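Student: Please build the complex by placing chain A on the supplied structure of chain V, with the hints as guidance.
Protein chains in written order, with this note's numbering: chain V, 1 to 264; chain A, 1 to 271.
Just so you know, these hints were derived from the structure itself, not from any lab. This structure is a prediction, so every number in the text was calculated from the model and none was measured. Note that CB positions come from ideal geometry on N, CA and C, so glycine has one too. It is possible that some hints are incorrect.
[As the list claims (entries may be wrong)] Taking beta-carbon pairs under 7 Å as the criterion, some of the chain A residues facing chain V (in silico): (1) G22; (2) V126; (3) E130; (4) D178; (5) M179; (6) A183; (7) H205; (8) A211; (9) T228; (10) G232; (11) F235; (12) H254.
[Unchecked claim] Partial chain V-side listing against chain A, Cβ under 7 Å, derived: (13) S48; (14) A151; (15) G155; (16) M185; (17) A189; (18) H211; (19) R214; (20) R218; (21) R222; (22) G243; (23) E251; (24) L257; (25) P258; (26) R260; (27) P261.
[As the list claims (entries may be wrong)] Coverage of chain A stretches by chain V, computed from C-beta distances (three or more under 8 Å per stretch; other residues unrestricted): (28) 25-32; (29) 42-48.
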Amino acid sequence: MTTVLAVENIHKTYRRGSLFDRGAPMPVLRGADLALTKGECLGLVGRSGCGKSTLGRVALGLERPDAGVVRFRGRDISGLRGASWREYRRNVQVVFQNFTAAVNPRLRVGDIVAEPLRNFEGLRGPGLSRRVDALLESVGLSPASAAKRPAQLSGGQLQRVCIARAMAPGPEVLILDEAVSSLDMLAQAQVMDLLAGLCRSQGTSCLFISHDLRVVARLCARAAVMTGGRIVENAACQNGRFGLRCAGFRELADALLPARPIGA
Amino acid sequence: MATDAALVIDNLSIETTHGQAGRRLVSDVGLRVGAGEVLGLIGESGSGKSMTCLAVMDLLPPGVRVCGGSVRMPGREAIRRGRDAAMVLQNPSGCFDPVMTIGGHFKETLRALGLPRDRNPDRAAVALGEAGFDDPESVLPLYPFQMSGGMLQRAMIALAMLGGPRLLLADEATTDLDMPTQAGVLGLIDRLRKTRGLGVLLVTHDLSVAARLADRVAVMRDGRILETGPVGRIFAAPRHDYTRTLLAAHFDLHDALCAPDFPDAGDAATA
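Isolated chain A (complex conformation):
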């Protein structure tokens, strides 16, 4: 397990140096993501989930720094952004340059990765095809505003996969998408981890997303990991009071909705 880990975080602490005294944002976080494994990182807003992701990518904002612990990818000296690990964020429309076509984004990313240019159109089309676009060539000339949120998030994942990373950080990647689109994007991530052995750190506040995709779940609050365990154990037998609170809110929301029964189901079209 340890040998084919995609990410090992030990005792990670992050502090902000804004103001007089440094304030801890993340304390002694330990996480492990295996190859082909999805680790769900759950917790409420402000619990330090995103800061942990940014530390993995070495993208902490100014005034925020790692003050202890380590972030490693076994077999690598350092984690190379784009080549070893890639990140997909919430709000895909804010992540694209509005005056650049999707093809332009691929060109730019390939150049940044130092990949040969002559095969670029090919690579872009293959990556988009893998991300579920039936006709990738037709997507390349589009501008971001001509695409829906779901299409953009698929294109973002295709861009993230260009460098052949072993680890994908998905930070609330499906949060703003409508449900059929969300289900599609989660299906795509599931496929990629199976076909490519991609390790995924799935950051979410929606426990349904973790239930759908995660193998293991880590619960985070106030910058600390409260408990980590197999998804089934966390849902069935949480050990921490806070996890129980989260699960109660989650089940309460779900139990409000009876499973819809369609008497003449069978011809129901699924997205």
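Next comes chain V alone, as it looks inside the complex:
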């Protein structure tokens, strides 16, 4: 199995402060290690504030780690420049939880999906429209929705637009940060089926960040647990059974709500 994206011994400290107050440094990542292999869907679970999202942002190149290395196809990304940097950015795409904030409300859906195609592939004109239509169809939206604006779509539809945009440049890695957490149950199920299908057909690797073990069990073949800025355990997840034993995982598992009313 080839590793496509790896983070090695990542440290990251945020400095919270204001104009008048320097604020205490807040270490978020303390030596996090994680490797994503070709075509796999890896779940990253942990409680709020454990550093999951920051690790995702570091892997995306949106945050520079204080120490440690992010490797894409084996190469340290801090050494990438020009075309090789673009190649990395093109191949590692993201879908965030807050889909409303992730799109420009003034743009039409078609332009939102077209943006990476213009940037990375230099597509223009009818060729571009054809690709946009195909992408919208691949996420279950009609090409007619290209003319709509984000406010005219439901949450589930808008998150599909974000997925289409992320898939547009044909990335090797998709980072999904609580991407289905804000959707209602029906939309959540549809978006998860869509993601599973896309990743299988395109061979995309996924890093699926969530605190909800139910969605991770449904999508991922392996899961890693993050506690206090470190990956503390990493095991296969098969047929809904996690091979995880650490206290951080237990805390999440023990808090699972019942599927059915108790005593009914």
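Tutor: Below, chain A without anything else, positioned relative to chain V:
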């Protein structure tokens, strides 16, 4: 049952007056919440759940109005916000003033409720204690950004309880919280309805939340109540196709996950 109801909604209709023609958002909704009872209101985004809550609090946004039916609390002329009914929303960090301490929020709320000032610190501490803070005094000087989402939601519930309401509207109150925190906040609401006889309208799209806490469940779609019934009946024998669809999605998600078995459980620490 009818005598100690915390909320009675009859034939409630809500419309928006935006645009030329009025558009119905909620049609002929009837709901009853008894004292100490949790009524789960479930349905997908945009089904009218939140509008119904806002109508109870008389907080409908501009351009949206009640066009029929009634919202009552038996024994009251009108529902007084804060005194008779209180509401807790999703996204606790957006509900607090970022430049005001938690103590400041309590002071402001008590003033708005017209409660005596001299006993304020006391009241705040008692309310926070009831909401599960072990050391309430240490919370008062904190600013919202210094607290986690779960702490903020507990503080929000403590604020909501200050006026001694008979009804709590919890609109997706645990949706953005991580699971251990969610379980804690649901436990808190459960405790309050038992100790205070608080009626709770629990709005959620997560059927697990309803399964955990609701006594009865109402299913809402496109502004209408499709069916209402005891939680056990709704889960075991739904009468409406849409309820079956929701339950299928819900069970599908749960059945993906086998109950984790810890061979050496027993020392497992629960939050």
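Student: Give a verdict on every hint.
Tutor: Hint check results:
1. G22: violated, 20 Å
2. V126: Since the shortest Cβ distance to chain V is 28 Å, the answer is violated.
3. E130: With a minimum Cβ separation of about 22 Å from chain V (threshold 7 Å), the hint on E130 of chain A is violated.
4. D178: Result: holds, 4 Å to nearest chain V Cβ.
5. M179: holds, 4 Å
6. A183: Interface hint status for A183 of chain A: holds (4 Å vs cutoff 7 Å).
7. H205: With a minimum Cβ separation of about 4 Å from chain V (threshold 7 Å), the hint on H205 of chain A holds.
8. A211: holds, 5 Å
9. T228: violated, 15 Å
10. G232: holds, 3 Å
11. F235: With a closest approach of 5 Å, the F235 of chain A hint holds.
12. H254: holds, 4 Å
13. S48: holds, 4 Å
14. A151: This interface hint is violated because 13 Å lies over the 7 Å limit.
15. G155: holds, 6 Å
16. M185: holds, 5 Å
17. A189: holds, 5 Å
18. H211: With a closest approach of 4 Å, the H211 of chain V hint holds.
19. R214: R214 of chain V check passes; min Cβ-Cβ to chain A is 5 Å, inside 7 Å.
20. R218: With a closest approach of 4 Å, the R218 of chain V hint holds.
21. R222: The hint is violated - R222 of chain V has no Cβ within 7 Å of chain A, the shortest such distance being about 15 Å.
22. G243: violated, 10 Å
23. E251: holds, 5 Å
24. L257: holds, 4 Å
25. P258: Holds: closest Cβ of chain A sits about 5 Å from P258 of chain V, inside 7 Å.
26. R260: holds, 5 Å
27. P261: Hint holds; P261 of chain V Cβ to chain A Cβ min 4 Å, cut 7 Å.
28. 25-32: violated (count 0)
29. 42-48: holds (count 3)
Hint check: violations occur at hints 1, 2, 3, 9, 14, 21, 22, 28; the rest are consistent with the structure.
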